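Novice: Sequence:
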Amino acid sequence: MKRKIDETNEPAEKAEAVTSEAHKGFSFADLALDPRLVQAVAEQKFSQPTLVQRMAIPIALKGQDVLCKAKTGSGKTAAYVLPVLAGILKRKTVRQFIVESSAVANANLCQTDPEPATTALILVPTRELADQIFKAIEQFSAFCSKDVRAVKLTDKLSDAVQRSLLATLPDIVISTPARAWHNVNGNSSALSLSKLSHLVLDEADLLLSYGYDSDLENLSWSIPKGIQTIMMSATLTSEVDSLKKIFYRDNVPELLDLEEPDNEGEGITQLVTKCGEDEKFLLAYVIFKLKLVKGKCIIFVGDVDRCYRLKLFFEQFGIRSCILNSELPVNSRIHVVEEFNKNVYDIIIASDEKEILGNENQATEEEAEAEEANEEEVEETTESSEKRPKKKRKSTKQDLEYGVSRGIDFKNVAAVINFDLPTTASSYTHRIGRTARAGKAGMALSFVVPKDQYRKHMPTTIASAEKDEKILARITKQQTKKGKEIKPYNFNSEQVEAFRYRMNDALRAVTKVAVREARTRELRQELLKSEKLKRYFEENPTEMAHLRHDGELRTARQQAHLKHIPEYLLPKEGKEALTTEKVGFVPLRKFGGKDRRARKGKSGKRIGSRKGDPLKTFSARRRK
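Numbering (full-length UniProt numbering), first residue to last: 1 to 624.
Among the clues, some could well be false.
[As the list claims (entries may be wrong)] Here are the simulated lysine to any residue pairs, SDA-like style, with alpha carbons at most 25 Å apart:
id, residue 1, residue 2
1, K62, S194
2, K451, T461
3, K477, P450
4, K71, K244
5, K135, L31
6, K342, G318
7, K470, V272
8, K294, A414
9, K71, V252
10, K440, K487
11, K45, E138
12, K342, L292
13, K296, F46
14, K225, G87
15, K135, F410
16, K470, P450
17, K135, V184
18, K244, G63
19, K135, K342
20, K245, S194
21, K135, L166
22, K225, S194
23, K274, K467
24, K294, F317
Worth flagging that the hints you see were computed from the coordinates, not collected in a lab.
As the structure is a prediction and not an experimental result, all values here were calculated from the model.
Sequences and hints are given; from them, build the entire structure.
Specialist: Below, the structure is given as structure tokens:
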């Protein structure tokens with residue numbers, strides 16, 4: 001086997017080690033950033049820049065176009081926010097110097113254009129990501145907040161409110177492409193791009209797959225020529241190539257195809273277990289009730305119904321969790337993520353229906369990659385897909401700007417559980433990228449339904465489970481190429497089976513009617529909470545802590561005894577983890593039933609007992 005040699009005739013592994021040693025003492029102060037930005041970065045306790053930040057920031061500070069590919073969680077947001085802020089501060093400092101200088105002629109003053117203007121536009125695919133970037137800009141501009149103003153246009157605000165926000169001419173506008181084009185073309189042309197100097201496309205590979213094709217095309221013709229364009233993406237797909245042709249018409253961008261060194265991406269223990277469809281619920285119950293997973297956890301499911309089914313199932317056992325899906329109002333979704341990052345909630349059940357329902361281009365690309373290695377498998381998949389007629393999907397009122405497995409920064413996630421396996425290997429990579437960030441350890445557990453177990457338990461079946469084994473083969477191949485291993489998750493089947501009868505009781509209570517009522521009730525509650533978040537909590541931010549999203553829905557019949565684990569079911573390890581104080585007492589009588597004593601009256605005797613006794617009520621008169 002040949003060893004890779006770099007330009008210096010050194011083995012690649014040795015070169016990477018030398019590079020990492022060279023950058024060990026590298027800090028943000030060495031990137032020639034504005035001192036105020038360096039101070040803000042230090043305030044956020046960022047010790048050293050990541051690889052993407054070390055490579056992208058110097059190039060962007062020179063004003064060059066950048067096309068950067070880096071994995072999820074590598075620090076791409078700071079890699080473009082800091083150069084954009086630095087450019088705005090530099091221009092404003094030069095203007096202020098020229099204005100204050102008495103030796104400058106009036107003609108030169110006009111050329112400097114001292115009037116405020118929108119000079120940076122950041123386009124993102126989802127509202128949650130827009131909110132995250134807005135907060136990152138606020139943090140990095142903490143010591144220059146008077147000089148830099150940012151506005152996000154992704155909240156469901158009226159056109160009048162958007163016009164008033166844009167009328168102040170903020171320096172930076174963060175928006176989805178649809179909302180940006182609406183304010184450029186319609187809404188009285190509230191957003192002017194004539195003086196734009198920075199354009200950023202974050203998660204570029206998702207922008208087209210989210211259906212923003214026409215909006216991006218229209219925006220490209222409204223943007224002035226010669227501006228700096230920064231494009232960030234986790235993958236270099238055909239969508240990125242299309243955007244490259246649209247926005248890099250004249251210039252060739254600096255391409256940064258960054259592969260993280262092994263020591264920067266490790267820490268994720270990948271596990272997989274093959275189980276039946278109902279056994280997913282059994283394993284989830286045992287894992288969380290026996291506290292086999294320590295810390296915060298994200299559970300990915302296939303659709304919104306699965307979200308509520310799993311939450312109602314957990315409620316049967318007193319396991320608290322909150323939901324994140326596209327049906328919830330954007331304010332509630334943002335608040336759920338914020339509270340999760342503040343350690344208010346430990347379990348989030350997130351629906352990743354974006355990649356379940358669509359992303360046909362991405363799936364096609366995955367099949368093309370698999371075809372190179374195994375043509376027969378893909379031919380079989382293609383033939384079956386051609387024979388099967390395409391079904392019309394029901395149109396659901398889901399937020400097209402929702403996304404959870406990409407972009408959103410979930411902090412300190414200890415474990416990711418793929419309750420429903422994703423439909424592509426790249427989606428799997430993005431999901432597990434939510435954990436083991438910033439050098440921390442994490443665990444990713446995936447449930448896979450074997451072909452012979454598919455549709456064996458109809459109440460819990462999901463269509464995507466039919467191809468679980470094929471998707472797992474692709475995922476294993478992809479992770480093997482990266483030098484990662486997916487290990488089998490071994491557990492004592494006898495001990496788990498002891499909990500099955502309790503799982504069956506809980507699962508029977510979670511009916512389709514209960515799930516439908518839970519969705520309706522939750523949506524109604526979250527809409528009310530969203531209004532409170534928008535109005536009341538703006539004036540009373542301290543009281544936002546009282547607004548919780550992990551309350552019980554109570555639409556399914558609950559059985560109190562299921563919330564406690566009898567001591568005889570606990571394994572030896574479980575008894576050590578769960579103290580005797582946490583093992584609940586299960587009474588024999590049924591809760592919520594009528595008490596016998598209540599029927600007897602206060603004295604405990606039956607009412608009218610004397611009248612009903614013939615020996616005590618019989619009376620006779622003596623004949624005269």
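Novice: Each hint needs a verdict: does it hold in this structure or not?
Specialist: Hints, one by one, checked against the model:
1. With a C-alpha separation of about 22 Å, the suggested pair K62 and S194 falls inside the 25 Å cut-off, and the hint holds.
2. At most 25 Å may separate the alpha-carbon atoms for a hinted pair to count; K451 and T461 meet this at roughly 12 Å.
3. For a cut-off of 25 Å, the pair hint linking K477 to P450 stands: about 18 Å separates their Cα positions.
4. Distance check on the hinted pair: K71 and K244 sit about 19 Å apart at the alpha-carbon level, within 25 Å; holds.
5. At most 25 Å may separate the alpha-carbon atoms for a hinted pair to count; K135 and L31 meet this at roughly 22 Å.
6. For the hint pairing K342 with G318, the CA-to-CA distance comes to about 22 Å; that is within 25 Å, so the pair holds.
7. Between K470 and V272 the alpha-carbon distance is near 14 Å, which keeps this suggested pair within the 25 Å criterion.
8. Annotation: proposed proximity of K294 to A414 holds, straight-line Cα distance about 7 Å (limit 25 Å).
9. A threshold of 25 Å between alpha carbons decides the hint, and for K71 with V252 the separation of about 22 Å falls inside it, so the pair holds.
10. Restraint check: the Cα-Cα separation between K440 and K487 comes to about 19 Å, which is no more than 25 Å; the hinted pair holds.
11. In summary, the hint linking K45 to E138 is supported, as the alpha carbons are separated by about 15 Å, within the 25 Å threshold.
12. For the hint linking K342 to L292, the alpha-carbon distance of about 22 Å falls within 25 Å, and the restraint holds.
13. Between K296 and F46 the alpha-carbon distance is near 23 Å, which keeps this suggested pair within the 25 Å criterion.
14. Restraint check for K225 and G87: the C-alpha separation of about 18 Å stays at or below 25 Å, so the hint holds.
15. Proximity of K135 to F410 is assessed by CA-CA distance (about 14 Å); at most 25 Å being required, the pair is judged to hold.
16. Annotation: proposed proximity of K470 to P450 holds, straight-line Cα distance about 10 Å (limit 25 Å).
17. At roughly 24 Å between alpha-carbon atoms, K135 and V184 fall within 25 Å of each other, so this suggested pair holds.
18. For the hint linking K244 to G63, the alpha-carbon distance of about 17 Å falls within 25 Å, and the restraint holds.
19. Distance check on the hinted pair: K135 and K342 sit about 15 Å apart at the alpha-carbon level, within 25 Å; holds.
20. For a cut-off of 25 Å, the pair hint linking K245 to S194 stands: about 21 Å separates their Cα positions.
21. For the hint linking K135 to L166, the alpha-carbon distance of about 18 Å falls within 25 Å, and the restraint holds.
22. Of the supplied pair hints, the one linking K225 and S194 holds, its CA atoms being roughly 10 Å apart against a limit of 25 Å.
23. With a C-alpha separation of about 13 Å, the suggested pairing of K274 with K467 holds against the 25 Å cut-off.
24. Proximity of K294 to F317 is assessed by CA-CA distance (about 18 Å); at most 25 Å being required, the pair is judged to hold.
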